Amino acid sequence: MALKYEDVIAKYEPVLGLEVHVELGTESKMFCGCNTVFGAAPNTQTCPVCLGLPGSLPVVNGKAIEYTIAIGLALNCSIAPFSRFARKNYFYPDMPKNFQTSQYDEPICVNGYLDVTIDTEEGPKEFRIEIERVHMEEDTGKSLHMGGATGRIHGADYSLLDYNRAGIPLVEIVTKIIPGTGKYAPEVARAYVSELRDILRGLGVSDVKMEQGSLRCDANVSLRPIGVEKLGTRSETKNVNSLRSVERAVRGEMIRHAELLNKGEKVVQETRHFHEDTGLTTPGRSKEQAEDYRYFPEPDLVPVAPTPELIEKIKKSLPEKPSVRRKKLQEAWQVPDKEMAAMINADVLDLVEATVKLGADPTRARSWWLGEIARLANEKGVAAAELPISSADVAEIVALIEKGELTDKLARQVVDGVIAGEGRPAEIIKSRGIQVVSDDSALMVAIEKAIAAQPDVAEKVKGGHLPAAGALIGAVMKETKGQADAAKVRELLLKHLGQA
Amino acid sequence: MSNISRDDVANLAKLARIDMSDSELDHLSNELAVILDAVARVQEVAGADVPPTSHPLPLKNVFRADEVRPSLTPEEALSGAPAQEEQRFKVPQILGEE
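Protein chains in written order, with numbering that gives the first Met the number 0: chain A, 0 to 499; chain B, 0 to 97.
Careful, some of the hints might be misleading.
30 Å max Cα-Cα, derived DSS-like pairs, lysine-lysine [said to hold, decoys possible]:
no. : chain 1 : residue 1 : chain 2 : residue 2
1   : B       : K59       : A       : K315
2   : A       : K379      : A       : K3
3   : A       : K237      : B       : K59
Sample of chain A residues with no beta-carbon within 12 Å of chain B, all distances over it, derived [said to hold, decoys possible]:
no. : residue
4   : R127
5   : D161
6   : K229
7   : S316
Simulated from the structure, these hints should not be mistaken for laboratory data. No experiment lies behind these values; they were computed from the predicted model shown. Quick reminder that beta carbons are idealized off the backbone N, C-alpha and C, glycines included.
When you get a sec, could you build the whole thing from the sequences and use the hints?
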């Protein structure tokens with residue numbers, strides 16, 4: 000029986016460390032002119048440089064440097080006046096060069112921070128996440144492991160390599176250790192990745208698609224008994240690819256560590272793989288033999304020494320921070336703190352904003368994204384943004400409600416239809432035969448029928464006992480198969496019975 | 000005489016995936032020590048006023064514009080591959096069964 004989370008945090012303090020890899024959205028690769036488009040046929044975006052053929056020489060993509068400096072500045076880092084690339088040597092076929100061009104002891108940005116706010120039982124709470132470094136490197140190729148039962152590397156007969164991704168500029172953002180989050184560690188980890196993603200998206204330096212791997216998070220977790228200074232042994236959960244998974248992976252690892260420690264066993268320092276289906280991790284490569292990458296300065300590339308003028312120019316071009324943008328939206332929409340936090344947590348803020356931009360009322364837009372759509376997303380175990388419903392669909396539905404052509408109940412059917420892939424709202428209204436009965440004379444026929452069927456109830460209403468009207472309204476709604484607007488029915492009914 | 004032990008050489012060989020016999024390890028640890036000594040003499044020449052460098056020329060900030068250039072065709076890219084399948088490089092088993 001698994002340990003309860005409450006028991007873990009009653010005894011231990013979690014310490015986090017987060018490494019986020021971001022693929023930059025440049026047109027061409029880091030050191031050569033190959034295209035970076037996602038999803039191209041295998042090995043159609045390679046050249047002698049990114050294949051590591053003898054005699055080829057890399058040249059740094061200037062845009063990638065500017066993007067990285069922008070990221071550093073947005074994360075309150077110092078920009079190093081001098082930085083160099085280094086070779087990280089290892090034998091693994093995901094890099095055809097037998098090394099990855101990275102940065103070692105001279106990263107381009109150092110010592111920053113990012114403040115994140117999470118919603119707690121005691122109200123919103125802010126945590127400062129300190130950033131150790133932001134450095135540049137290149138992405139690796141993609142391996143397919145063939146044979147064996149699981150498609151995993153263990154037990155595979157051989158592997159197939161596609162180097163389209165090899166050499167795409169990659170930025171690694173590493174936090175310092177993060178103590179002091181206590182029971183909120185999973186939420187803080189998620190909030191950090193979410194805030195970072197919003198910043199990167201705002202900067203326009205990456206498409207930050209976690210599901211496509213352009214933003215990936217490695218979560219380091221360790222536990223120490225409360226009151227103990229010395230850090231516990233950490234595990235590193237690799238490539239967690241959704242916000243929800245970041246939270247689940249941290250919580251899961253905390254429970255797993257605590258179970259081991261309670262039994263008097265040791266946590267092994269190793270990398271682990273997160274499984275979306277179970278929410279559990281399994282061991283990857285053990286780090287017991289410390290890796291020896293024999294880093295040395297890359298002799299084929301000259302140092303990067305950004306001028307103060309360049310840094311100043313980039314600083315001036317930085318967009319408004321997501322936290323500032325959120326504050327503006329909250330004021331414009333008149334949203335209470337709790338609702339605002341709920342939108343951020345459900346990751347629907349951008350969707351609500353887009354819906355409002357298309358003319359929808361902010362309150363209605365918000366209640367659809369946080370209500371029915373969030374409920375359906377939850378049911379399917381995906382994020383609202385992953386459902387096949389767009390802000391345009393929601394704006395259209397809201398407009399129909401405002402025009403009185405849809406009731407909330409019918410609108411839910413339209414939402415269901417869009418998410419079920421039946422088409423756009425107008426098509427679903429047509430194909431499902433959805434229409435609001437607003438013709439008064441048709442409603443009056445149904446109302447008179449209901450009164451005739453329940454004369455005693457009608458008498459009570461006539462006598463001033465208004466709650467009794469519910470039974471008649473219910474009968475009308477049944478008669479009209481739920482397509483009438485209940486408020487309208489009530490209005491007509493009461494008028495008819497002399498009570499309005 | 001520089002200090003490079005037989006264990007150092009064995010470790011390097013392992014990292015570089017080179018299978019070496021006992022006699023080769025003995026032989027190489029001596030030979031590498033001589034080479035290191037030769038290189039170490041350069042350090043004697045470089046005084047405190049000579050900064051370490053990774054590059055022979057005092058260049059910095061050499062960048063290219065972010066422009067897409069033609070890639071190789073997949074046939075060209077794979078032409079030197081000892082084995083291929085599904086337009087991908089085919090490599091032997093990476094890790095054995097655990």
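TODO: For the pair we were handed, A/K379 and A/K3, check the Cα-Cα distance against 30 Å.
DONE: holds (25 Å)
Task: chain B versus A/S316 - minimum CB to CB distance exceeding 12 Å, so not interface - done: holds (16 Å)
Open item on the list: Holds or violated: A/K237 and B/K59, Cα atoms, limit 30 Å.
Closed with: violated (35 Å)
Open item on the list: Just to be careful, I want the Cα atoms of B/K59 and A/K315 compared with a cutoff of 30 Å; is the pair within it?
Closed with: Answer holds: B/K59 to A/K315 is near 24 Å, not above 30 Å.
TODO: Mind verifying the non-interface call on A/D161? Its CB should be farther than 12 Å from each CB in chain B.
DONE: Given a closest Cβ separation of 5 Å, the condition is violated.
Task: Non-interface claim for A/R127 versus chain B (Cβ beyond 12 Å) - done: holds (33 Å)
Task: Interface exclusion of A/K229 relative to chain B, criterion Cβ beyond 12 Å - done: Non-interface label on A/K229 holds, nearest chain B Cβ at 30 Å vs cutoff 12 Å.
The structure fails hints 3, 5 (numbered hints given earlier, in ascending order).
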